[in-house]
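Let chain A serve as the given structure and place chains B and C with the ligands on it in line with the hints.
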Amino acid sequence: MKIFKITGTYKDLVETLLSLDYKVIAPVNRNKLTRFDFINSADEVLSPDEVLNTVRPAKEHLFPMTETVARFSYEGKKLRIGDVEVPEEKSVIIGLRPCDAAAFDAIDKIFSYVYQDKFYLTRRNNTTLISVACEHPDNACFCTSFGISPDSAKGSDILLKKSKDSSLFAFISTERGEDLARTINNIIPEEQPDPGRDLYEAAEKNMRAPLDLPKIKEALNTNFESEYWNEFSRCLGCGSCAYLCPTCHCFDIVDEVRYDKGIRKKNWDACQFPLFTLHASGHNPRDAQNKRYRQRLMHKFKYYHDRFDTHLCTGCGRCIRECPVNIDIYEAAAELCGCEANI
Amino acid sequence: MSQHKETIKHDFEPNIVAFVCNWCTYTGADLAGTSRLKYEPNVRIIRLPCTGRIDYNLLLKAFESGADGVLVSGCHPNDCHYNLGNFHARRRFTVFRQLLDFVGIDIRRIQFAWVSAAEGAKWAQLVTQVTNEVRELGPFTNYKRISELSFPYKELEPEPLEEVTA
Amino acid sequence: METLQNIAQGLLERGDVSMVIGYTPGTIPGKTKTIFARTPEAAQKLTFNENCVNNLSIYLTRQYGNIGEKPVALVVKACDARTVNVLIQENQLKREQVYLIAVPCNGVKDEHGVEQGKCKSCAQRVPKDYDALAGETPAPVEIDPTLRFKALEQFDAMSPDERWEFWMKEFEKCVKCYACRQACPLCYCERCITDKTTPRWIEPDTSTAANLSWHITRAFHLAGRCIGCGECERACHQNIPLGLLNRKMAKEVFDNFGYRAGESAEAKPVFADFRYDDKEEFIR
Ligand code: SF4
Ligand code: SF4
Ligand code: SF4
Ligand code: SF4
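For the record, the sequence lines run as chains A, B and C.
The first sequence begins at 0 in numbering that gives the first Met the number 0 and counts up one residue at a time.
The second sequence begins at 0 in numbering that gives the first Met the number 0 and counts up one residue at a time.
The third sequence begins at 0 in numbering that gives the first Met the number 0 and counts up one residue at a time.
Because the hints were derived from the structure by calculation, they are not lab data.
Treat the hints loosely; a few may be bogus.
To be verified - With a Cα cut of at most 20 Å, we get these calculated SDA-like pairs of lysine to any residue:
#1 A/265 x C/195
#2 C/195 x A/278
#3 A/265 x A/40
Stated by the list, open to error - With the Cβ distance kept under 8 Å, some of the chain C side facing chain A (calculated, not the full set):
#4 25
#5 26
#6 27
#7 63
#8 109
#9 160
#10 164
#11 167
#12 203
#13 205
Stated by the list, open to error - Between beta-carbon pairs, the in silico distance windows are:
#14 B/147 x C/189: 29 to 37 Å
#15 A/257 x C/161: 25 to 33 Å
#16 A/120 x C/142: 53 to 61 Å
For every residue, glycine included, the Cβ atom is placed at its ideal position computed from N, Cα and C.
The following block holds chain A by itself, in its conformation from the complex (with noise of 0.2 Å):
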């Protein structure tokens, strides 16, 4: 980790970004909506005090929503396939939150896992993630249950971090991160001590208190078959949830068909959804509610943590902002263990 100083404010370090060969992600308030949007001036983006979480989170800039991943045309029975490239473009996002940063370190581990996702990794390896660290974390977050913090670097590959004084430092933990701090004149190139982290231990205090992750994950264990999965029949399979979250990535692949030509389209998709696991012979193992909630759970809490010794949450707080009939997935996974949920 190398620690700089950053000279002027917040803004000008996007304008500077602007002036480089990067296309340049940040969040903006685009027709009543918190997103990640490519910008043009660092004017049209939100300081990290007007938002903590957008909206959407990151991801659908290395995943999108919907992407073309192949094409195909016939003339009678003769049929004709073709890939598609994923242009080599280099982006970098800024104004990331630790949670959302720590995400990707996440899902790299599933995209680059039996099969490499050439859509997904080749994005990944040309983007360069700035996180800014937060100082005022609301009460849905719940970062610090998964090891991260209000200004944790993981994942990042530049942090931004306020002193007690409020003067600006940048975190590099990547050569990723190194080489394009090099080009940035804001970032003065000697290295500082620590300057602590008094503003966000502060923020800490504030927060949800971490969940005990290995009981939980016993519990889930030990409790598929338990009653207490009935308490989320009242989920409505919305898959607001998932579609928010940084770190869902499930899709599915359709084909979309135009006389003799077709392409192959990969969409976002969700388990909260009846459709995602029923069989064509109309069995569906999964027929219940209940049942798709206890599997996002078990997802997130142990089959993610079985595999690559992750957990596929970290706290970011969105599934529980906008879920409709307030499933609040720190509660449910409190509770599960006979914790008490300390919001």
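Same frame as chain A, now just chains B and C with the ligands:
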């Protein structure tokens, strides 16, 4: 006779899809043909059992596939082969048109008519009128643009594709 | 005056109903969650306040399997009760299968304190039809009836192209999660048209064209049925003003056929009905 008249060349020839019922309008259109009535050739007819069967999705698919105008036609009230189909259709289309208008589709591009089996002449005249009106409006670029973004048919050249035999 | 908890407790003690579906405080201030109270003790957890935005009638639809031999009691605001009427009109439910506990309502707010659009033009403090009333009968209020369609006026001044522009910018945001559908108590189809593949009417991708097809479908499938509870718009995290589309449909149905959805459980649904003299100026 009219068929000897010179055809006028236009800069833009609209594609119009007509959804018609089997019993009245289709037969009416047939009559126009057998009576050798001349009308604009821009219309492609899709025959369905009844206007009550003409789902709004068919109209959307027509626009998605590049239609510049859509025509829906069936039996006059009280003449429906299934008695009530056209009354139900009339209610639905009353509201559906307003929905299209609301999202910004120029509703002059979507026309409704009653044409009976005996009204070959009305059909010929209707098609000519609708064609001229849509020609006046020009190509439906708004819809074509979003449709091409969704499925870039023209860009999907088969050249670099690898061949497999099915 | 009987309280909500007492009514519910009595029903459960006597075994009149299998459960009481109502509200209980949520995990974050300003949020409430659903409770399925099956015991008299659980009935004590019921609550009603200005944050009870959800339309709980969704839990009466078949997919939730809550309707059994015994009736189910449901806590309803006036708008929720209108949804129950539509469910009865459309044969999803019989009136005797549900016991309506009405709660007087002066308007509800989301967790950010924003009053819901539907409440601004609602003059109904209690449902027309219910089995028990939790609280006092409130004094009637007067509300300007033109408020109901006020939000649509901005569109009258726009050209078709401007409206197109407006909606394409909204639909572009849609992520096709179908949360709007899932949250709607009247989107109860066992298999939604969006999930059908042979043929596939609505492409599942998130291109604007595919999103437009979805939004036209959603609005039109609910035309004359939507009672304006606003759950779809509330569920849509992308802030797409779905309520405007619903309101437009409600206005057209009202202007053309004098029909308002959910007013009575006995009325024939507007599109299952017609009049010989329905207007037809638009037909050539
Ligand atoms: S599960 Fe919820 S809190 Fe966890 S990362 Fe996903 S959206 Fe955030
Ligand atoms: S948990 Fe909430 S957000 Fe997730 S599918 Fe269920 S109702 Fe929707
Ligand atoms: S309108 Fe909103 S809730 Fe409905 S599918 Fe689109 S993003 Fe989801
Ligand atoms: S469409 Fe929306 S407002 Fe209408 S009934 Fe359904 S959820 Fe309620």
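Now the hints, each set against the structure:
| no. | hint | result |
| --- | --- | --- |
| 1 | A/265 x C/195 | holds, 17 Å |
| 2 | C/195 x A/278 | holds, 14 Å |
| 3 | A/265 x A/40 | violated, 31 Å |
| 4 | 25 | holds, 4 Å |
| 5 | 26 | holds, 4 Å |
| 6 | 27 | holds, 6 Å |
| 7 | 63 | holds, 7 Å |
| 8 | 109 | violated, 10 Å |
| 9 | 160 | violated, 18 Å |
| 10 | 164 | violated, 12 Å |
| 11 | 167 | violated, 11 Å |
| 12 | 203 | holds, 5 Å |
| 13 | 205 | holds, 4 Å |
| 14 | B/147 x C/189: 29 to 37 Å | holds, 34 Å |
| 15 | A/257 x C/161: 25 to 33 Å | holds, 30 Å |
| 16 | A/120 x C/142: 53 to 61 Å | holds, 57 Å |
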